[in-house]
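Number of protein chains: 4
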Amino acid sequence: MPDPLDDWIEDLLKLDRPEEAITEKQSMILRSAVEVFAEKGYAAASTNEIAKRAGVAEGTIFRHYKSKQELLFSIIGPMMVKFVAPFAIKGFEKVLDPPYGSFDQFLKSMVANRLEFCKKNRRVIRILLQEIPFQHELREQFFDHVARTILDKMTAIVRHFQEKGEILQAPPYTVLRFIASSLIGFLITHMLFFEYDGEGEKEEADRIINFILYGVSAENRPKSP
Amino acid sequence: MPDPLDDWIEDLLKLDRPEEAITEKQSMILRSAVEVFAEKGYAAASTNEIAKRAGVAEGTIFRHYKSKQELLFSIIGPMMVKFVAPFAIKGFEKVLDPPYGSFDQFLKSMVANRLEFCKKNRRVIRILLQEIPFQHELREQFFDHVARTILDKMTAIVRHFQEKGEILQAPPYTVLRFIASSLIGFLITHMLFFEYDGEGEKEEADRIINFILYGVSAENRPKSP
Amino acid sequence: MPDPLDDWIEDLLKLDRPEEAITEKQSMILRSAVEVFAEKGYAAASTNEIAKRAGVAEGTIFRHYKSKQELLFSIIGPMMVKFVAPFAIKGFEKVLDPPYGSFDQFLKSMVANRLEFCKKNRRVIRILLQEIPFQHELREQFFDHVARTILDKMTAIVRHFQEKGEILQAPPYTVLRFIASSLIGFLITHMLFFEYDGEGEKEEADRIINFILYGVSAENRPKSP
Amino acid sequence: MPDPLDDWIEDLLKLDRPEEAITEKQSMILRSAVEVFAEKGYAAASTNEIAKRAGVAEGTIFRHYKSKQELLFSIIGPMMVKFVAPFAIKGFEKVLDPPYGSFDQFLKSMVANRLEFCKKNRRVIRILLQEIPFQHELREQFFDHVARTILDKMTAIVRHFQEKGEILQAPPYTVLRFIASSLIGFLITHMLFFEYDGEGEKEEADRIINFILYGVSAENRPKSP
DNA sequence: CATGAATGAGTATTCATTCAT
DNA sequence: GATGAATGAATACTCATTCAT
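Protein chains in written order, with numbering that gives the first Met the number 0: chain A, 0 to 224; chain B, 0 to 224; chain C, 0 to 224; chain D, 0 to 224.
Quick caveat, the hints were computed from the structure, so don't treat them as lab data. Be aware that one or more of the hints could be misleading.
Computed far set for chain B versus chain A, every beta-carbon distance over 10 Å [as the list claims (entries may be wrong)]:
(1) 61
(2) 84
(3) 86
Below 20 Å or equal to it, Euclidean Cα-Cα: the simulated PhoX-like pairs (lysine-lysine) are [what the hints assert, rightly or not]:
(4) C:67 <-> D:39
(5) A:67 <-> B:107
(6) D:51 <-> A:65
(7) B:89 <-> A:39
Computed Cβ-Cβ distance ranges for the label pairs, DEER-style [what the hints assert, rightly or not]:
(8) B:63 <-> C:135: 28 to 36 Å
(9) D:203 <-> C:155: 21 to 29 Å
(10) A:88 <-> B:104: 58 to 66 Å
(11) A:115 <-> B:154: 25 to 33 Å
(12) C:47 <-> D:38: 25 to 33 Å
(13) C:135 <-> D:65: 31 to 39 Å
Each residue gets a CB set at the ideal place from its N, CA and C atoms; glycine is no exception.
When you get a sec, could you build the whole thing from the sequences and use the hints?
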């Protein structure tokens, strides 16, 4: 395993629920499951292989997770929660006040932050993206909680900067889809098709932000659209 | 089946290889395979179900395609070829000459054209995107032929418009990744997560082009990046 | 296999449905299933063992019967039908006319006949009796069709002989429960606990009929029950 | 649990072996085991479910009973002992002397007594009857002790009343099988197929005794059987 | 060319039982 | 004594693939 485990796993194991302590075996199962799901896809992953890599008996998996699907959800669920956590906090809008007062600065720090998160959890996120089309429950959870939360907060943000005249006067939803599409495209093309080179990512993130900014920015904008 | 079959299937069946005529059964197999692969994913699709939907015996599938994997490739392969076809023709650069002489116009017509193609073949493209991470052979084929061809042609195009001063003076590869990310993001967010509403797509495509253009366009560009 | 297969199996295989011919393998599966179900009970019988004894692959079983339960039902169902067949025919009451005109004679020939049937199908009947408490569907089918049919016909018969003064004037239902209990007790004690010796059964059947008719008491029948 | 636990369980727990005191947990295990065995059958009952219903850990079961089978036997064994207890006492034949001097009266009181026992222990008896065909050890124990003891005592009884001229002069063994079949049939049809209505059972028992004694025929007893 | 019965390796899941705590 | 995590063999059932007809 040359690849350090996704950050989130560490979080999950160490921090999240001190009351229901996660055993050594359980942790091994989660790690192996992430590995195998990422490598082969959920449907093609066998509990047998997960068990073998985790160094436990196959039955042990089912003592902790009553089905393969529950194992999948117990990996992805908490990750979704953590992904939206920064958006979900109260007073999130405060970040807009000076000294981080420009949309430029806000976007750069926000993207850098979530990009870091994605990078640390790329395997789990990849599994999520792969399975969203097929796991009904997952899709609902994703749209109802993750997408909705982000959309709501971001809409407020966009309005804020539209009032300040930094963003062009299009419907906030349209602007957001622009931004989201760009970022998601950036993410997915990296995570699914390429392996991270691990280098120059900060620069690349900045470049894409500039790209986004001067596409939607009101300043110096040409006549249309 | 309210959804008319992907355009490409029709092409594949009717036009492409008159020498090796495709029988009625074979056509039914391909249609069913696309359906089932798209619904459940390749790994979770069973040849049994494909056969049933196609109204043929399970054995018949294996008379025409020696394995489930070959069936998958025989669906996706030709689609990739057709997708790059416009880029692959000689003298492709001619489109840059007047009267289609601006990057703006080139991009708009090109994207509209390929978007139309994607829309018609969304199920097959979805299968392709889903399976690229897991099918080594597919991935190679995709990068070696599809991505490379497009990249080469587009690099030439970008250089052309850089010389004309329409595009900002960044490395062509960087510019291309911007454009590609945006478009792919747009595509994927639509195809994987949402259902096409079939409405306002042209407008949406134009909007995203404008977004791309005035992000990378040299005119009225602010000082950096 | 010193024990010749239950008669019913032969019937099922040879006669019943000439349109949907039963293959050699299918027949072997049914035979083995009867064997193993009878030996170990339905729950403790493994499809693996059934397959082995039948000399087929385990998968073959599930090509013909989509679950272990369906295999059970496809064994027991037709047997129930055949068991009630004689009662179900129209004009069944004709057997009461001379020259078979006495209840004594009717009961003797009827019991001899169904006893013969039970003897030939003892393994399957034993499986039926064992599973009735646990298989809801089976129980319903049994009471709704088998028990009801027999009860209806027999009630008519009992009434008939009550009118002729051969049977005492108790409610027909009560009389029938007496008779049924005795016969079922006779059947079950033989089939579940003992192995048939195969000898003297006719005599035993006759004896039990006399017992049903006249009791064990030495004294003449008193007035009431 | 609207159904009060089988009487025998209470006996077993409270009275039988004061030396090896039965703990609270052990008692819960036995109760749950009876419940689950009766509901699903021995083979389909899982120790997991028994443990859950008993509110103990799965391991606890195996601390008291070294296997699932031993648990079964420890439930059924003592019940068999108690069932034959009245027959096993010395001087049992004394019940035949006046004032209980007629076979009629003897049978009625004996059946009423054992029927009461069966009613109180119906769940356990049902388990016994279900498992006798499959549990070799159980079957031996049953035939060697229960059946034999009853048979021996009853043979003496029958002879006694034959000498007094109350029972017809057939071989005692034959007469006994008549009686036993009837009673067992009565029992089984009630316990396996029907739910006790709890009403009119005494009457029903009396009726079946009369039936055994005098048959269903209206005419006076003919000379022979 | 098409069939569909047959296969056997593979699937997720359950189970009675063990044992360190 | 009691626990419950762990086991590994067994379970019913599915699958892609083969092949005689």
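Cross-check of the supplied hints:
With 10 Å as the threshold on Cβ separation, the claim that residue 61 of chain B sits away from chain A holds: the shortest Cβ distance comes to roughly 20 Å. With a minimum CB-CB distance of about 21 Å to chain A, residue 84 of chain B clears the 10 Å threshold, and the non-interface call stands. For residue 86 of chain B, the shortest C-beta to C-beta distance to chain A comes to about 18 Å, beyond the 10 Å cut-off, and the non-interface label holds. As the CA atoms of residue 67 of chain C and residue 39 of chain D are separated by approximately 17 Å, the hinted pair is consistent with the 20 Å bound.
Proposed proximity of residue 67 of chain A and residue 107 of chain B is contradicted: the alpha carbons are some 46 Å apart, above 20 Å. For the proposed pair residue 51 of chain D and residue 65 of chain A, the alpha carbon gap of about 16 Å is at most 20 Å, so the pair holds. As the CA atoms of residue 89 of chain B and residue 39 of chain A are separated by approximately 39 Å, the hinted pair breaks the 20 Å bound. Here the CB-CB span from residue 63 of chain B to residue 135 of chain C is close to 45 Å, at odds with the stated 28 to 36 Å.
For the pair residue 203 of chain D and residue 155 of chain C, the beta carbons lie near 23 Å from each other, so the given range of 21 to 29 Å is met. Between residue 88 of chain A and residue 104 of chain B the C-beta distance comes to about 46 Å, which lies outside the given range of 58 to 66 Å. Judged by the Cβ atoms, the range 25 to 33 Å given for residue 115 of chain A and residue 154 of chain B holds: they are separated by roughly 31 Å. For the pair residue 47 of chain C and residue 38 of chain D, the beta carbons lie near 26 Å from each other, so the given range of 25 to 33 Å is met.
In this structure, residue 135 of chain C and residue 65 of chain D meet the distance hint of 31 to 39 Å, their C-beta atoms being roughly 34 Å apart.
In summary, the structure is inconsistent with hints 5, 7, 8, 10 from the numbered list given earlier, while agreeing with the others.
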